[in-house]
Amino acid sequence: MVKHWCKFKKPHKISITKHIHAKTSARKYDVIVAGAGPAGLTAAYFLARDGLDVLVIERGPYPGAKNCGGASLMAEHTHKLFPNFWEECECERVITDQSYWLMTEDSILSSRFQSTRLTAAPYNRFSVKRNKLYRWLANKATQAGAQVLYSHTVTEVMFNDSAQAIGVTTQTSDNNIFLADIIILADGANSLLAERSGLAAKVTSDNMSLYVKETIALPSAVIEERFNLLPGEGTIIGLIGYPTAGFNGTASIHTFKDSININAGMAVASFAQAGFNPNDLLERIKKHPYINRLLTGGKTIEYGGALIPEGGYHAIPPLVHSGLMIVGDAGSLVNGTHGINLAMWSGFYAAKAGYAAKISRDYSAKKLSLYAELLEESFIIQDLKANAGAAKLMRDLPYAFDLYSRMANETAYQVSKVYTMPKTAKRKMIYSKIKSMQPLLKMASDLWKTLKVIR
Amino acid sequence: MQLQDKISLIKFDPSDTMQHVAIYNQHSCTNCEEKHCLTICPTDVFKWDCHTDSPIVVEYKQCVECGACRLACQFDNILFFYPPGGKGVSFREG
Numbered sequence: 001m002v003k004h005w006c007k008f009k010k011p012h013k014i015s016i017t018k019h020i021h022a023k024t025s026a027r028k029y030d031v032i033v034a035g036a037g038p039a040g041l042t043a044a045y046f047l048a049r050d051g052l053d054v055l056v057i058e059r060g061p062y063p064g065a066k067n068c069g070g071a072s073l074m075a076e077h078t079h080k081l082f083p084n085f086w087e088e089c090e091c092e093r094v095i096t097d098q099s100y101w102l103m104t105e106d107s108i109l110s111s112r113f114q115s116t117r118l119t120a121a122p123y124n125r126f127s128v129k130r131n132k133l134y135r136w137l138a139n140k141a142t143q144a145g146a147q148v149l150y151s152h153t154v155t156e157v158m159f160n161d162s163a164q165a166i167g168v169t170t171q172t173s174d175n176n177i178f179l180a181d182i183i184i185l186a187d188g189a190n191s192l193l194a195e196r197s198g199l200a201a202k203v204t205s206d207n208m209s210l211y212v213k214e215t216i217a218l219p220s221a222v223i224e225e226r227f228n229l230l231p232g233e234g235t236i237i238g239l240i241g242y243p244t245a246g247f248n249g250t251a252s253i254h255t256f257k258d259s260i261n262i263n264a265g266m267a268v269a270s271f272a273q274a275g276f277n278p279n280d281l282l283e284r285i286k287k288h289p290y291i292n293r294l295l296t297g298g299k300t301i302e303y304g305g306a307l308i309p310e311g312g313y314h315a316i317p318p319l320v321h322s323g324l325m326i327v328g329d330a331g332s333l334v335n336g337t338h339g340i341n342l343a344m345w346s347g348f349y350a351a352k353a354g355y356a357a358k359i360s361r362d363y364s365a366k367k368l369s370l371y372a373e374l375l376e377e378s379f380i381i382q383d384l385k386a387n388a389g390a391a392k393l394m395r396d397l398p399y400a401f402d403l404y405s406r407m408a409n410e411t412a413y414q415v416s417k418v419y420t421m422p423k424t425a426k427r428k429m430i431y432s433k434i435k436s437m438q439p440l441l442k443m444a445s446d447l448w449k450t451l452k453v454i455r
Numbered sequence: 001m002q003l004q005d006k007i008s009l010i011k012f013d014p015s016d017t018m019q020h021v022a023i024y025n026q027h028s029c030t031n032c033e034e035k036h037c038l039t040i041c042p043t044d045v046f047k048w049d050c051h052t053d054s055p056i057v058v059e060y061k062q063c064v065e066c067g068a069c070r071l072a073c074q075f076d077n078i079l080f081f082y083p084p085g086g087k088g089v090s091f092r093e094g
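Protein sequence lines, in the order shown, are assigned to chains A and B. So for the first sequence, my numbering puts the first residue at 1; every next one is plus one. So for the second sequence, my numbering puts the first residue at 1; every next one is plus one.
Just chain A, with the same shape it has in the complex (with noise of 0.2 Å):
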C-alpha cells in the first residue's frame, strides 16, 4: 500500500527529470547506448518512440564503419520490429535461393533449395550490406527522437559508490562525460567495455570466431546467371568442409545487388592452432574449381576482418547489472549463423525493460532483469539453450566438417560412379571405404553425440 502511495507520488511526466538535471555540469540522459550497431539502434528507437531522451554513441564516423562480413536479414524477425521494413531499408536482394555444398578440394556435394514461394512478402531473408542497414536503423533512431553522437569512443563506464552504472566517459578532450539513468552496452563482439568495467569475463579464444570476408564486384546481370536467379532475386550459399582447411568453421557466400561477398571464418583459438593467415583460407577458397567460376572477371573492392561470438549458451555473461544491460554481440547473443536479428530482438527487449524501469524510476538489477525475462522467454534464448553444446561438441570433434564432408563427397562419387562390377560388389566395395575413413563405431558415437546436442 505504501510502495503504491510512493509511486503515486512521483512524478510519471519523463520531461520533468530533464529539467531537473538540465542544470547540472553534464547534461543528463535517459538512457545511454554504446554502439550504433543493430542491437543499440533498435534499443534506442524503441526508447525514443517511448519517449525516453536517449543518446546513442558510436565510435565510427557513420553507421556501419566498423563492421564487415555477410550478411542477410531475417525477414519476419524484422519486420515483426519494423514492420514492411523492405519498403524502407535498402535491401540488395531477396532471398530465393538456400544452398549447403559439403566441399573436398575437387568436389561438391550440395543440398538446394529454391522457391518461388519465398519471393513475396512477407519474405523469408534479404541479403544487405550492413552500411546501409545501419544507416536505415540510424534514420529510424534519429526520427523517433534519439540522439547520435559519431566519432565518439566510450572509453569507460562510470559507477556510483553503489555500483550502479551512472553514465560514460568518452575519449573526447571537451565535454566527454556523459551522465545516463540507463546505460545499454552494445559495443559488439569483444566487448571491452563490459570486460574493462568487470562485468564480463574476458572472452575465450575457443569462443570467438575470426571471420574475414572479401567483396567482389560482379554486374548484377552476371551474378544473376551464374547463379541461376531472377533479377533482384539472391542466394546465399553455406561452405562446409574443404574451406576451412581441416577445422570447423565456415565460409559463405552472399549475393548483393553488383557484388558479393566471401566470408571465411573460425575459432581464433583454430587459427592459432593452424598458424595461418585468414586471408589464406579466403585465398584457398578462391581457387577451388567450382568457386573460381562463379568469381571471373570479378573485381575485389573490399577486405576485412571481424570476430563472431559463437561459444553460445554458456558463453553468455551476466546481461543485467545495476542501471546496466548488455545486448546483442556483446552479450555474445549469437546462435549458429542468427546474429543480427537476436540484436535487434535483444535492443528491443532491453527497450521495454528500460522503459519500465524509468516509469518506476527503480534502475536497480532486480528491476532491470525484465530484459533477462523477456529474453529468456523467447526464441533468442530458448534456440541458444538448444543449442548449448554445439560449441563443445565442435570442440570435441574438431575434424567433424572435414572428415565427414570428405566421406559424404566419397560415398557421392562412388554412388555417381559406374563400374563394370556388379551393384552388390559395388555396394561392399562402398561400406568398405567409408569403414576405412572413420571406424563404424566412433561414426556412431559422434552421431549420437551429434544428435543429442541438436534439439
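In case anyone wonders, no lab produced these hints; they're calculated from the structure.
Straight line, CA to CA, 25 Å or less: simulated PhoX-like cross-link-like pairs of lysine-lysine: (1) B:K11 / A:K299; (2) B:K6 / A:K286; (3) B:K35 / A:K202.
Got chain A sorted already, so can you dock chain B onto it with the hints?
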C-alpha cells in the same frame, strides 16, 4: 591478389596521437615460441624479421580492429583498445 594489395583497398584514417594496438612487454615475445600474432592478424599488423633479438613491429595503422590478436596471444601481452572516435578503419561495403 597479394594481402598487401587487399589492405590497400581498405579505407583507413589512422590516429596520429594514439597507437591502439601495442605489445606490452617485448621480452615475453622472446620467450614465446608460437608467436600467434604473426599469423592470426587478417591484415598483417604484426611483423618480425625472424632475428631473436629484434622486436615485433606493430603496424597499427592497418589494423581492422577485430581484436583477434589480443585473444590469440598466449601471454596476454597485447594491449588492445579501440582507436579514438572517428579514427581507424571504415568499412564501406558491408
